[in-house]
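Visitor: Chains as they are written, first to last, in this note's numbering: chain A, 522 to 670; chain B, 64 to 341; chain C, -11 to 325; chain D, 96 to 371.
No false leads were slipped in.
Below, simulated DSS-like cross-link-like pairs (lysine-lysine); rule was C-alpha separation at most 27 Å, straight line:
{"hint": "1", "chain 1": "A", "residue 1": "Lys529", "chain 2": "C", "residue 2": "Lys57"}
{"hint": "2", "chain 1": "C", "residue 1": "Lys59", "chain 2": "A", "residue 2": "Lys579"}
{"hint": "3", "chain 1": "C", "residue 1": "Lys291", "chain 2": "C", "residue 2": "Lys102"}
Not the full set, but computed from the structure, chain A residues with beta-carbon under 7 Å of chain D:
{"hint": "4", "residue": "His602"}
{"hint": "5", "residue": "Arg605"}
{"hint": "6", "residue": "Thr608"}
{"hint": "7", "residue": "Leu613"}
{"hint": "8", "residue": "Phe616"}
Hints listed in this document are in silico derivations from the structure and should not be mistaken for laboratory results. These figures come from a predicted structure and were not determined experimentally. Glycine included, C-beta positions come from ideal geometry on N, C-alpha and C.
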Amino acid sequence: MSEPFEPKIVAFVCTYCTYAGADLAGTSRLKYAPNVRIVRLPCTGRISPMFILKALQKGADSVLVSGCHPGDCHFTAGNYHARRRWTVFRALLAFTGIPEERIRFSWVSAAEGAKFAEMINEITDETRKLGPFTQYQELQKVIETQSSY
Amino acid sequence: MIYSPFPMRVVSKRAEAPGVNTLKLEFVKEEDHEFFKANYKTGMFGLYGIFGEGESTFCVASPETRKEYIECTFRQSGRVTSTLASVDAGDIVTFRGPYGNRFPIEQFEGKNLLFIAGGIALPPTRSVIWSCLDQREKYRDVTIVYGARTVADLVYKNELDEWKKRDDVRLVLTVDPGGETPDWQDHVGFVPTVLEQAAPSPENTIAVLCGPPIMIKFTLAALQKLGFTAENVYTTLENRMKCGVGKCGRCNVGSVYICKEGPVFTAAEVQAMPQADL
Amino acid sequence: MTRILLRNKLDDCIAAWQKAGFSVLAPVRRHEMSSFGEVQKASDMAFDLVLPERTIKDHFFPQTEPLIKYKISKHQIDSETMTPPDQKRVFFGVRPCDASGLAIDDPLFGWDYKDDYWFKRRENSVIVTIVCTEADDFCMCTSVKLSPDSAKGADVLLRPLLNGAGWQVEAVSERGTALLETISPLLQENSEPTAPLPQVAEKFDVEKVMEWLADPASFESQFWKDIALRCVGCGSCTFLCPTCHCFDIQDEGDTYQGIRRKNWDSCSFANFTMHTSGHNPRNTQSTRWRQRIMHKFNYYRGKFGVNSCSGCGRCTRQCPVDMGITETLQAISTLPR
Amino acid sequence: MGIQEQYRSEAAALLSSGEVKLVIGFGAGSTADRRRPLFARTPDEAQKFVLDAACIANLSTYLVTEGLLSDGKKVAVFLKPDGIRSINILISEAQLKPEQVVILGYAIENGKEITPLEGRNISDFSIGEQIRSLTPPPHILQEAERIEEMSATERFEFWKEHFAKCIKCYACRQVCPMCYCRRCIVDVNQPQWVSTSSHTLGNFEWNLVRAFHLAGRCAACGACDRACPVNIPLRLVNYRMGKEVIDAFDYCAGENSNQKPVLASFKQDDPETFIL
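I would like the entire structure built from these sequences, with the hints used as guidance.
Guide: Encoded structure:
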């Protein structure tokens, strides 16, 4: 491995708060790590655990899920529902050996551009320390080779 | 290898009816084309695919007398057909085939031909129609009865016009009641009824019948009324397929594998199958 | 006088085969499941199993198999056909029912279009069958006209010695003869008696069953509806069957690249025959169970002259609701007619 | 009169009076220690019912068979407390109407003694306290604890080995009373969220999705675990999900039939310690 490891991070964000927050970070010229790929969704309530699995399947090293602070949901309660789901899904991932440090959850409002930039930097640094999620990525590699099982 | 398809280049795409498209495909590799030319007979089917989405089974709509291209006509309904419907000229799709049996058109020589089709089932019929019309001298009277739900749902509108103009083809067009437009000149009514009114003679006549199951059922009854025997009526069956070559185990009706022993059957053969499995 | 292979020579035997370029697979217990797996020494093998939970079919018709690798760009698609590995393999300790299963499926995979994925593996494999000395409540080979010492599908047949020290060895095919040559120094002449075969009771009269199934009136019999009531529609009986061969072809990947795969599929699944239009020719569990039985004991015989069942009994053994071929065929053979 | 005879005659009476159209119970199986689901439509057929300590299956799964209850008629079913718990969950998820189910309840103690349970309608049973205090069998508990103590890498390897065996026969789904979706997420192909192939990655995804969909809905009957032909310890992951839901939301699925499904409801002060 001659090239240094650059983590791939996928962020699923709600359009009303966190995406606007990310936008603010941009317009405020706050610099944050370019390792994050943002996927914008209407609400955290729309962020299915399937998305997280898909991101891992496609080679993400970390996943961030982020939306409006409790009480601020554009659809009133989407983030409350999402929070319950995350709690359970996070426990499931932990129990099956997918490290908790690789799946992050946050509330970032439209005003928190700085928080967003800081958080992305932090997650990128930590993921860099964790290294690539080879355990999961191996599974993808294996299916590309013919085997007699 | 057995499940490896031929790459095909899309020459053109033609919208036939709402949700129905025809693709004209040419072989990318000459050896694939040679194989197709050597093996294709009217009635056979293929698996048309797009890598990343999968394969879908439908007939080869072009006749065995014109093997430069493959034409296929399909309704957009699932994952594969939706993607196939979105290709443009120049794109690469795949074709696996030709598979299955054929309409025995040499046995039809010297006979009158009656073609009956409903809706999206004109494509398989059209393959036989052109195979016969391209050797017109070998056959006697040719009658085509074609119906669709609405005028818009009629496919191959250009060819319908062409057949209409020919004096060696009798074309009977119909649309279901309510499906006609103000300027519709042809029949209004269901295919079986219109067929009975047209009253083609069963004498020395072969009927080729393709359509949805419910239409087949009533049209067969009408044909019997007109004096046709089940042995002289040919039809095609279709089922979900994955391999096309008799291995994947899902297209059978009773003991008959549609992919290997079909898709062309006489009505007598279809009647001998367990009807509950159709 | 016949030749025998002693148990204590088995390690040498494996070594000899490995030296000759074979990998050796045998029944193993791994991760709380028994199946055929690669072994390095005799102690890896699980000889006490009547039958491993998984069949040998897994190694000829894997549960998922890459067929074609593809890369997509705007006006070009590069595809590469993937083929099974060339590895030569010895399957040691196969039960007669599992070995028969392979022979039963050969004509299907060779039906006009040859399935190279199956045959390449078949040609690279030598089957060493060990005759059964034990049977359990679910074994039913005798009911389908096979036996605990059937040589069908085998290249070498081993008969356990009564004293348990080894096996009497007999090559039953050319491939078997060639395999035994690689270990000829390890075999010895001997006339030890072999262990008796287990008693496997005939559970149904398969002739009577076939006769009933062949009767067109049976197709719509109420029998199917009654017997399949408790079927939950999982695929465990088909996936654990040594002869079930149905599959699906699926593309897996993203917009630019991926793999077309051949995956096990099961006639028990509702989606198996579902048309895109929503029409499903086999839309109830009873029609699907009828298809399974008809296919095995009527259609397959009509096409290939053999029933598609080798009597291993796994369908009943593993069924979550205690269904299976045995019960169904027993019921059919006792139907009033 | 033993419980078996008592329930046989009760089933027969329910059928002959026309109160129920069908009784789902157990009959003799293919070996001495097996019992199989038996469907009785006539009083005569009810005489074939067997009820003893080997009747461990959760028959409530048949109640969600497509079309079974659509005629509004009643069905009687033999159920243990875990089956009754399933019925509570199904009612709370609007999959069953309480008045359509007649329960012939029984309990098995110490794996051998079998006792009848009082009551016939779901409202007659109060199993709340019982199931909340119900701990899984010691071997499950020990195994779950052993996994919790592993490092993430070890845990991943543990499950990888188990999921590698999965053949996607979907027996776990098909026997589960809670898996009543007409179209399961794995059967959806536009888009294809979970790959249908049963390679380890596809199996991993399927098993995670299955476990997640059962979080806060599992009746802990163990049917999936028993049905799995390749012996994946599904009960462990179901147990862990159930525990999480109790710990985080003080919610125990199937305590009664008036619950709001845990993932379809929320409290404003739900815990969120992990959220940045």
